[in-house]
Amino acid sequence: MDGLRRHKSMFLLPGLLTLFLIIIFPLLFTIRVSFSGWNVSHPQMDFIGGANYTAMLHDSRFWTSITRLILLAGGSVVIQYVIGFGMALLVWREVRGRRFWRVLFLVPMMTTPVVMAAIWQTIFHESLGPVNDLLGMLGLSSVPWLTESGPALVALMTVEVWQWTPFLFLLLLAGLLSLPKEPFMAAAIDGAGTWRTFWKVTFPLMAPVSVAAVVIRLIEASKLSDSVYVLTSGGPGSSTETPGYYLYIQGLRDQQTGYSGAMSLTYLVLMIVTLTVVAALLTRAFKLKGDS
Amino acid sequence: MRSRLYPMFKYTVIALWACFVAGPFFWAMTTSFKNANAVQGGPTYLPWAQYEPTLTGWRNIFGGAGGVDVIDPFIDSAIVTVAASAISLALGSLAAYALSRYRFRLGFIKNSDIVFFFVSQRIMPPVVLVIPFFYLLQWGGLLDSIAGLVIVTVALLLPIAVWVMVDFFNGIPREIDEMAMLDGCGPFQTFVRAILPNSLPGLTVAAMFCAVFGWNDFFFAFRLTFTEVQTLPQAVVALNSSIPPWWTLSAAALFGVAPLILLALWVERLLSKGNLSGAVR
Amino acid sequence: MNLSATDLCLTVDGVDHLTNVTAAFQPGRLHTVIGRTMAGKTTLLRVLAGLQKVDSGSLTRAGADFLGTPVWQRDIAMVYQQFINYPHLSVFHNVAFPLKRAGLSREEIQRRVRQSLASVGLTDFEKRKPSQLSGGQQQRVAMARALARGTGILLLDEPLANLDYKLREQLRDEFKTLFSDRGETIVIYTTTEPAEAMMLGDVVLVMHEGRILQTGTPQEVYERPATTTVASIINDPPMNIFTGRLESGQVTVAGFQATHVSAHLADLPDGTYQFGLRATDVSLAVAGVEGVVAFVEISGSETFVHVAVGQSPFVVQIEGIHDVALGDLVRLRLRPDRLFAFDEEGTLVRTPSYDLASVEGR
Numbered sequence: 014m015d016g017l018r019r020h021k022s023m024f025l026l027p028g029l030l031t032l033f034l035i036i037i038f039p040l041l042f043t044i045r046v047s048f049s050g051w052n053v054s055h056p057q058m059d060f061i062g063g064a065n066y067t068a069m070l071h072d073s074r075f076w077t078s079i080t081r082l083i084l085l086a087g088g089s090v091v092i093q094y095v096i097g098f099g100m101a102l103l104v105w106r107e108v109r110g111r112r113f114w115r116v117l118f119l120v121p122m123m124t125t126p127v128v129m130a131a132i133w134q135t136i137f138h139e140s141l142g143p144v145n146d147l148l149g150m151l152g153l154s155s156v157p158w159l160t161e162s163g164p165a166l167v168a169l170m171t172v173e174v175w176q177w178t179p180f181l182f183l184l185l186l187a188g189l190l191s192l193p194k195e196p197f198m199a200a201a202i203d204g205a206g207t208w209r210t211f212w213k214v215t216f217p218l219m220a221p222v223s224v225a226a227v228v229i230r231l232i233e234a235s236k237l238s239d240s241v242y243v244l245t246s247g248g249p250g251s252s253t254e255t256p257g258y259y260l261y262i263q264g265l266r267d268q269q270t271g272y273s274g275a276m277s278l279t280y281l282v283l284m285i286v287t288l289t290v291v292a293a294l295l296t297r298a299f300k301l302k303g304d305s
Numbered sequence: 424m425r426s427r428l429y430p431m432f433k434y435t436v437i438a439l440w441a442c443f444v445a446g447p448f449f450w451a452m453t454t455s456f457k458n459a460n461a462v463q464g465g466p467t468y469l470p471w472a473q474y475e476p477t478l479t480g481w482r483n484i485f486g487g488a489g490g491v492d493v494i495d496p497f498i499d500s501a502i503v504t505v506a507a508s509a510i511s512l513a514l515g516s517l518a519a520y521a522l523s524r525y526r527f528r529l530g531f532i533k534n535s536d537i538v539f540f541f542v543s544q545r546i547m548p549p550v551v552l553v554i555p556f557f558y559l560l561q562w563g564g565l566l567d568s569i570a571g572l573v574i575v576t577v578a579l580l581l582p583i584a585v586w587v588m589v590d591f592f593n594g595i596p597r598e599i600d601e602m603a604m605l606d607g608c609g610p611f612q613t614f615v616r617a618i619l620p621n622s623l624p625g626l627t628v629a630a631m632f633c634a635v636f637g638w639n640d641f642f643f644a645f646r647l648t649f650t651e652v653q654t655l656p657q658a659v660v661a662l663n664s665s666i667p668p669w670w671t672l673s674a675a676a677l678f679g680v681a682p683l684i685l686l687a688l689w690v691e692r693l694l695s696k697g698n699l700s701g702a703v704r
Numbered sequence: 054m055n056l057s058a059t060d061l062c063l064t065v066d067g068v069d070h071l072t073n074v075t076a077a078f079q080p081g082r083l084h085t086v087i088g089r090t091m092a093g094k095t096t097l098l099r100v101l102a103g104l105q106k107v108d109s110g111s112l113t114r115a116g117a118d119f120l121g122t123p124v125w126q127r128d129i130a131m132v133y134q135q136f137i138n139y140p141h142l143s144v145f146h147n148v149a150f151p152l153k154r155a156g157l158s159r160e161e162i163q164r165r166v167r168q169s170l171a172s173v174g175l176t177d178f179e180k181r182k183p184s185q186l187s188g189g190q191q192q193r194v195a196m197a198r199a200l201a202r203g204t205g206i207l208l209l210d211e212p213l214a215n216l217d218y219k220l221r222e223q224l225r226d227e228f229k230t231l232f233s234d235r236g237e238t239i240v241i242y243t244t245t246e247p248a249e250a251m252m253l254g255d256v257v258l259v260m261h262e263g264r265i266l267q268t269g270t271p272q273e274v275y276e277r278p279a280t281t282t283v284a285s286i287i288n289d290p291p292m293n294i295f296t297g298r299l300e301s302g303q304v305t306v307a308g309f310q311a312t313h314v315s316a317h318l319a320d321l322p323d324g325t326y327q328f329g330l331r332a333t334d335v336s337l338a339v340a341g342v343e344g345v346v347a348f349v350e351i352s353g354s355e356t357f358v359h360v361a362v363g364q365s366p367f368v369v370q371i372e373g374i375h376d377v378a379l380g381d382l383v384r385l386r387l388r389p390d391r392l393f394a395f396d397e398e399g400t401l402v403r404t405p406s407y408d409l410a411s412v413e414g415r
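Chains as they are written, first to last, in my numbering: chain Y, 14 to 305; chain V, 424 to 704; chain P, 54 to 415.
Excised from the complex, chain Y in its bound form (with noise of 0.2 Å):
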C-alpha cells in the first residue's frame, strides 16, 4: 500500500491547488482591502481600521438589499419547488408526448440567464411588451412593470421562476425515477388513494432529493445579480437592488475598492451562516416527518 499513498496525493492535489490559489487570493485580497480607504481618487492600500465597516452599518440601501434578496430568493425557490415537484409528478408516469414535455420544461435552466432575461425585458416592456398586451386583452389596464418598484419585483422573480424552475424540475424527476416500486406497491395493495400515497409514500422517499435540490437552489440564487443587471438595473431608484448588485454598483462603477470589500465580505459570511442554518433546519424538518 505505501506505492498508494505517495500517489493518492498526486491524484488530489493538481485539483485542489488550483482550486485554493484561485480562491485564496481573492478571499485575501477582499479581507486586507476592506480594513483599507482605496477609493477611485485614492486607490492605495493604506490602512483606516474599521471604517468601512462602521460606514456599512450605517448604510440602510445595503441592509435592505440582504432583506430583499432574502426575501426575493426565498419566495422564487418556494415558487420552484412546488412548481417543479408538480410538473414532474405530472410528467413522471404515462403522459401523452412524455419526453417532449420533459424537454421543453427542461430548457430553461439551460439557457443563459442574462441573455433570456434582456428577452425579459422587452417582454415587460410597457407599451410594446406582450405582457400588458395580455392584460388588456383580458380587460386589465397596464403596469408599468419595470418602472414601478412592486411589479418590478413580481417581474424579477417571475423570470427567476422561469428561468430555475426547471432545475428543481430536473433534480426531482431524476429522484422520482430512481425511487424504488415496492413502497407503491404496498400503497396500492393496501388500497391508499393518489392523494395519501404522496403524502406517504412519495414525498417522504423523496425528502432527501428535495433537500438537496432546494440548498443547491438557495445557494445558486443567493448570488443573484445579473438578471437584476439586464432587467431593472436595480431600479427604479434600488428598489430592486440585490446585495450582488448593489456591490456591482459601489466597487465595479464607483470604485469605492475598500468600501465594496468590506460589505463583500459581511455578504458572503452572512449567506454562508443564513444557508448552514437553512440546509440544517429542511434536514431535520424533512426528517421529522419522514419519521413520522
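If you are wondering where the hints come from, they were derived from the structure by calculation, not from laboratory data. Here a beta-carbon is modelled for each residue, glycine too, at the ideal position from N, C-alpha and C. Take every hint as true, because none was put in to throw you off.
In silico DSS-like pairs for lysine-lysine, Cα to Cα no more than 30 Å straight-line: (1) V:696 to P:180; (2) P:229 to P:153; (3) V:696 to Y:194; (4) P:219 to P:182; (5) P:229 to P:180; (6) Y:194 to V:433; (7) P:153 to P:180; (8) P:153 to P:106; (9) Y:213 to V:433; (10) Y:194 to P:182; (11) V:696 to P:182; (12) P:153 to P:182; (13) V:433 to V:696; (14) V:533 to Y:21; (15) P:153 to Y:21; (16) Y:213 to V:696; (17) P:219 to P:229; (18) Y:213 to Y:194; (19) P:229 to P:182; (20) V:533 to P:106; (21) P:219 to P:180; (22) P:106 to Y:21.
Partner residues aside, some chain Y positions facing chain V, computed with beta carbon under 8 Å: (23) 31; (24) 36; (25) 38; (26) 124; (27) 134.
Using the hints provided, position chains V and P relative to the given structure of chain Y.
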C-alpha cells in the same frame, strides 16, 4: 382523483406551464423577424398576418450593416467553455477519484471536508471575486485574454465537476480498482484503464453541467474581458436596451441559446436512461 | 517460492480481524481456508494480495519481504465472491487485460485467452459484455482471467458462494480439473463449506474469529479436529458438542447413562468432558437421551432433526423422510464408539476408535 376530470386537469396544467416556458422563445423568434415598424406599432405575434417578416435582425448579427458580429463572440465563448470544462473535468475527476478511493487525514480534516471545500466554492458570489481577479489578471498580463477568462471560469466549474464525479465514482465497486491493480496496473493506470472507461455516464453529466455553466457565465466575462475577447452573453447584453433594435437582440439571443436548447434534448435522454439519478443522491 | 505469513495482526475500529495468523503456503498445492462468515478469510486474502494493510506481523515470498511489494507487482490473481469483471470490456478483452499489462505479444495473448476461455467453456462468448452473461458465466470469465496469466499466486475468495446449488456443484467439479494442472502456483481458496474444502484442498486451514485454529490435510482435520470449534466448522451439519460425565469409559449425558462402554475412552481419567458426535452418528431410538424436537429440515433423501436436550442443541441426520413433529419428545441414541472427547477448554483428547491406532501412535 382518478375521475374523468383528472386527465383534463392534468393536460390543462401541463399546457399552461408549457405556454409559459415556451413563451419567451416564441416571442424572441417572432421579434427576430420584425423591423422597426413592426416593433413600434405595439406587440404583434404572427408573421404575415400581423406584420411583414424581414431578415434584418438575422442579417445584422452576421455582420450586416449597422449590426453586430456574433461569430467572434461565439468562437470566444466556445473556446473558453471547452477549455475551462476540459480543465475542470480533468482536475475534478482526478481529485474526485482520490476523494472517493483513498482516505485523507490532516488533523481534523477528513475526506468529506475536502469535498465540502470544493463544493462550497459555489457559494462565492462572482461579484466578491471579480475585483481581486481584475488586479490578479492585470498583474499577470492576462486581462482581456482567453487564458485569463479560462482560469477564473475553472473556479466556477471545478466544484461542479468534483461534486458530480465523487458521487459517480462512489457508485463504481472498489473491487474493479483492486482487480486492475492485481492485474498489474499502477494507481494511475488503474484510473485510466479501469475506471475512466466505466465513467462515461458520469463524465457526460459533469461535462454537460460544466458546459452550461461555462457558456452561461456573464459576470466574469463582463468585468475581465473587453475588446480583445468578448463572449456571447456579453455581446447580447451589449445589444440590450429599452429602445428597440429588438429584432437584432432577439436574433442574437436565439443564436446564443440555440446550442443550449439542443443540449436539453440530450439531458432528457440522460434522464430517461437513469444516468442522472447518481448525481441527485 | 513459499509464501509465509508470520503473526499477522489486524484490528479495525476495535474489532480484531486477524490475530497472530501464521501460515505457510506452498507452490503447487491448493490450500483451502475454511471458516464461517466473518472468520477473517477474506481479510487474510486481501492482506496476501496487498489490498489490506496489517498492524503487525510479516509476510515473505521466497524468503524476501512481501508486505512492501505494491499490489501490482505481486504477481497475484484473485477471483472474488461477487462476479467482478471489467464492465466496459468484452469477455475476450477482460481475459486479455492482465496479459496486455504484462506486455505479451498479440499472438501470445490471443492464444492464451482462447485457451483459457476454452478451459472454462466460454469459447463462444468472446464478444459479449459481462452484463450479457449469467452469474455462473460471469464467474467463469473471472476464473479465465485469473488463470490466463499463470500467476505465481492464485486467490479465490468463496468463488461459488453466490451461485445456485446446482451450478455450485458443477463448477466445483470443474475446478478440480482446472486446478489439477497448476504447476508451481500457490492456490488459496476460501469457503464456508466443509465438502468444498475437503474435496478441493491439499491442505486445509481452519479459521475462526481471526485465528487459524488448525492446519492439516483434509483427512487430518476431519478425523482429528484440534478443538470443538474446529470440529463444528469442518462438519456439515456442525458436529454436535455437548458436556457429559465419563466414568470408567461410560458416558452420561443429560442424566442418561450409556448402556455401552466407549472402548476408546476407557483409559481416560473419570471426569467431565465435552463430547463431539457427528449428526450421522446420532439416531432416534426407543431409549436414550431425552429431548424436544425444535426444528425439522427435510432435504428429501435425508431428514435433519434439531433436538433440544436441556441447553444443548443436537442435530440428528437420518436417511429418508421421517414423520417427526415440533415439540415431540424424542430419545436419542448416541453411538458410543464414535464419540470425540475434548477437555473442558475444548481441546481434543481422544478420537473415535476407528483411528485409535494413529492417535496412540503419536
